Amino acid sequence: MKIVVLLKQVPDTIEPRLREGRPDLSGVPRIVNPFDLYAVEEAIRIKERLGPAVETVAVTAGRPDAEAALREALAMGIDQALCIDAGELDEPDTDVVFAARALGAAVRWLDGAELVLCGQKSLDQQSGILPAAIAEVLGWGFIPDVGKLDLSPPNVRATRLLPNGRAVLETSLPAVLAVLKAINEPRIAPLRGMMKARRAQIPHLGLSEICPGPPRRRTVLEFHAPPARPAAMILEGTAEQQARALVAELRKGRLL
Amino acid sequence: MVYVAVDYVDHGLPVWSLEALLGALRLSAIAGKDVAAVVVSPGPGPGPDELGALSASLSAYGIKSANLVAAEGYAPMVVEPLVDRLATVVRGLPPGAWVVPGTVDWRTAAARLAVRLDLSLAGEVVEFAHPGEGAGDLGPGIEVVRPVYGGNLMSREWIRIPCIVSVRAKAFTGEPEKKASTSPGSVAVQVASGPASVRGAGPEQAAPPRVLEVEQERQDFPPLEDAAVIVSGGRGLGGPAGFELLAELARAMGGSMGASRAAVDAGWAPYERQVGQSGRSVSPRLYLALGISGAAQHLAGMRGARAVVAVNRNPEAPFFARCTYGVVADWREFTEAMLAELAAPHSAG
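Here the protein sequences come in this chain order: Z and E.
Counting in my numbering, the first sequence runs from -7 upward without gaps.
Counting in my numbering, the second sequence runs from 364 upward without gaps.
Think of the hints as simulated: they come from the structure by calculation, not from any bench.
Possibly wrong hints are sitting among the right ones.
[As the list claims (entries may be wrong)] If you only want the chain E side, here are some residues facing chain Z, beta carbon under 7 Å, derived:
| id | residue |
| --- | --- |
| 1 | H374 |
| 2 | K427 |
| 3 | S428 |
| 4 | R470 |
| 5 | E520 |
| 6 | I524 |
| 7 | K533 |
| 8 | T536 |
| 9 | E578 |
| 10 | F584 |
| 11 | F606 |
| 12 | E704 |
| 13 | A706 |
Please read these numbers as outputs of a predicted model, since none were measured by experiment.
Here a beta-carbon is modelled for each residue, glycine too, at the ideal position from N, C-alpha and C.
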């Protein structure tokens, strides 16, 4: 039973400065997309539950230095890693459908994968639309917003969190699941794991070896700051005076 | 051509469908093209007596033509039958820009359709833009604006037609603009028949998930995504007991209750209540933040709020630079004062 965890390496910021209409990411360290760490942790926990018959593989596609993200997953306890060298996937112009085809091809290349886990969204892009696209590329089932999962081949049962509750869904394997923070608390990599990860040989594949190039169909024209709120009105006085002033303001503005 | 796909459930168009209609109208105004609607209903759909009302509501949105498509097996959280059915519909129409709602299910459907039919894809679109600088020679396409980096930046992008975009929930709201030329009830809703479905081209075909159990949350508060007023608490509340007082204020204001990541991680409030980067994104009319410092990760989840009240003992809290009303106070004293003030009789206006 092979479980693939898809990782994205992202700049460690959600407040990049703008320089000439582009986010200025110089000097910003790159980290594993925090949402993907829940997927890493979940894969390791499944293996701890089901034993050595489970093999966990972390895959990333991006700049060659994205390897560091894979080493972090290995240090936490993932068995194997695969790095797809695809700098073009790291550009803001990346076409989502193409990214899905590339990652789907990587999963197929690994052969025998039955479950793909990934974070619900990425720290930088955040549209949360890629996991379902990967499921379609593979022709697999898909469950988003997973807060709990229970793997019992040939099925996987998942709790999907909803705006007003939760639902228990079941889908046949193979499947893609996108997980939320609620699913677990990622472990700190143990020292022994870190030593092992540092020595690990990570195979690299060129993107063109697994997936033909894309037509250009998305171009970022510019980045701009969202409209700012006007300066706040600061309410003075005792708590009673502040409350009275606020309620009056809210009623005046029909906000209450 | 601009197309919009919407749901028809419980004898009407749900709010996410209306938001998609408004988004499509916005795009059509920019592109100078008409909007054609595809109305999807699970099962057999509206009876003949309901078509008039559906036609009137679409017409109020300036929709000129509509197709009604029944997707058997389509249900909440089970979108694969919808995708199979819609793929046939999309393929049968001239290429264009498709706008779909911003629910998780529609986002999933959009992703699957884009891969299956090789369309350009964008999610969480909050605005359409007039073709601007830089898009000169790119060819037939549309311009979309999406939040990136937690909404701290907006990205204006050109994407090639044919394309499918899902709008961000609550990005397009309000009433449709009244058009004098539109006569009410004039949309002919055609009931589509024809070939059933285009299935996926993958080596294996995805089976839809089976819904085993749906559990509604205790109805103490309305869902955060729908709430007009949200009262949120953070580390400053000091413990789970603080959230009981906070809940009282939320109820007194007719709102829902939220929490910061710090409060959720401390176990004072459940994850379902977390607002922010790794929790929920909310767009209420009014957002009150008590004892929340205002870290970027929290702000990312409530950027859509119309008005924001920040209450904090520390006058240096970053929230004071990002709010509409700032209250430097002890949150408990202020909350008690608010409860008294809200309970007092007042003259409206």
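A quick look at each hint next to the structure:
1. Nearest Cβ of chain Z to the Cβ of E:H374: about 21 Å, over the 7 Å cut. The hint is violated.
2. The beta carbon of E:K427 comes no nearer than 28 Å to any beta carbon in chain Z, farther than 7 Å, and the hint placing it at the interface is violated.
3. Hint status for E:S428 relative to chain Z: violated, with the closest Cβ pair at about 27 Å, above 7 Å.
4. At about 6 Å, the closest approach between the beta carbon of E:R470 and any beta carbon in chain Z falls short of 7 Å, and the interface hint on this residue holds.
5. Satisfaction of the interface hint for E:E520 is found here, the shortest Cβ-Cβ separation to chain Z being roughly 5 Å, below the 7 Å cut-off.
6. The restraint placing E:I524 at the interface with chain Z is violated, with a minimum CB-CB distance near 9 Å, outside the 7 Å limit.
7. At its closest, the beta carbon of E:K533 sits 12 Å from a beta carbon of chain Z; the interface hint therefore is violated under the 7 Å criterion.
8. For E:T536, the suggested interface contact is broken, since its CB lies about 16 Å from the closest CB of chain Z, more than 7 Å.
9. Annotation: interface hint on E:E578 holds; nearest CB of chain Z at approximately 5 Å, less than 7 Å.
10. The beta carbon of E:F584 is not positioned within 7 Å of any beta carbon in chain Z (closest approach about 10 Å), and the interface hint is therefore violated.
11. The beta carbon of E:F606 is not positioned within 7 Å of any beta carbon in chain Z (closest approach about 18 Å), and the interface hint is therefore violated.
12. Hint status for E:E704 relative to chain Z: holds, with the closest Cβ pair at about 4 Å, below 7 Å.
13. Of the supplied interface hints, the one on E:A706 is violated, with its beta-carbon coming no nearer than about 11 Å to a beta-carbon of chain Z, more than 7 Å.
Hints 1, 2, 3, 6, 7, 8, 10, 11 and 13 from the list above are not met by this structure, while the remaining hints are.
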